[in-house]
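Student: All chains should be modelled from the sequences, with the hints used to inform the complete structure.
Each protein sequence line maps, in turn, to chains F and Z.
Here my numbering is used: the first residue of the first sequence is 1, the next is one more, and so on.
Here my numbering is used: the first residue of the second sequence is 180, the next is one more, and so on.
Don't read these hints as lab results, they were simulated from the structure.
Calculated from the model, a selection of chain Z residues having no Cβ within reach of chain F, i.e. all distances over 12 angstroms:
(1) F186
(2) D255
(3) D355
(4) M398
(5) L421
A partial selection of chain Z residues facing chain F, derived with a Cβ cut-off under 8 angstroms:
(6) A218
(7) N221
(8) V227
Glycine is no exception: its CB is placed at the ideal position from the N, C-alpha and C atoms.
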Amino acid sequence: MVTTTTRPNLAPAFTRGETQEALRERAWAVAARVTDPEIPVLTILDLGVLRDVKIGDGTVEVFITPTYSGCPAMQVIALNIESSLEEAGFGLARITSVLSPAWTTDWISADGKAKLKRYGIAPPTDAGPRVARFGEEAVACPHCGATDTTRISEFGSTACKALWRCNACKEPFDYFKCI
Amino acid sequence: MAETPLFALTLRLADNALILGHRLSEWCGHAPMLEEDLALANMGLDLVGQARSFYDYATKLEGKGRDEDALAYRRDAIDFRNVLLVEQPNGDFAATIVRQLLYAAFAEPYFAALSRAKDEMLAAIAAKAVKEMAYHVRHTAEWTIRLGDGTEESHQRAQSALDDLWPFTGELFETDDAERGLIADGVTVDPAPLRAVWNRTLDPIIAEATLARPADGWMQSGGRAGRHSEHLGHLLADLQFLQRAYPGATW
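Tutor: Here is the structure:
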């Protein structure tokens, strides 16, 4: 038999008498550890996809924002947040997608950019999609650091990446597009 | 069916994105090279993602319990409000690229303006979409230049695509009374003044591609009011098949 509470169905995390702020911090930490299924070295915190966590009446609500409108990773990310919070005793969390303000590569943390580079993906440069046509962006090769690189394709293996090649070390690499 | 002007507008934006996104998805596995297969699928994914956001908002505006699947999969051609341009068949690679350029060169400034309009939800979806459309413009502009200024064959195909699709571009800038009411209230934006921006984007691309800009003659119209070419019915037969054969199927 469980101890009697006024809310017998309350998830374990809400029965310890923590303050709302402590609960929120703990829920935030759990959600922040969820990684991007396509780029597993990055957490959704590194990416800037995790926007907010709110503690309601016995529930957690997590706000995330998509990188691209049609990014298929969002559903997996939402599921992983749900299951992580459930495992941590928060019960069934509510995941809300927010579109505004629109996600930008500026939200990827400095740490996230360093992780991307170590993983072999060139982090976004400051140049947006409005730069001159025919790939005149200067993207440094994440393998050897050379800037003598060529864009092979504007669109790569996922919506957020483009395909590039290094003319110095001859290695192909992904470039995280700047939006 | 009595519809609010805002629902009708949102549905149009959703239908444009869904139908063009589906057209691009038809290239999956058939593009001339792997990189283009990825590019067309990626652009299609952007558009289907935009469509989902607009449909989701439309269901909330309608408030009749229809979900986004009901709007996408269980309406007939006459209920679709997309412009005729986006339902035109893929044709050859040049036709697909030129169609995408003509649409994206309109959608980019349209969404940029809409992102500053009064309706918060439309503005939020537009702010997201405008970044994606900027990439579509750049990618299809590059291809239009390569094709137009390429071989005799590619030049001729790009010119034919431009000539054939041009009469469908007038509809992009149309509005009706209901939409003009929303524009007057600042809820949405007037597409008509964007024609100048569209021209400024397209003219240098067409010139660099050594193509001839077609004359602005008689323009096709009707898609926005549900009067479609026969192509849409065929497209929907493919798009909606599963939900028509097995209503409510999930997996």
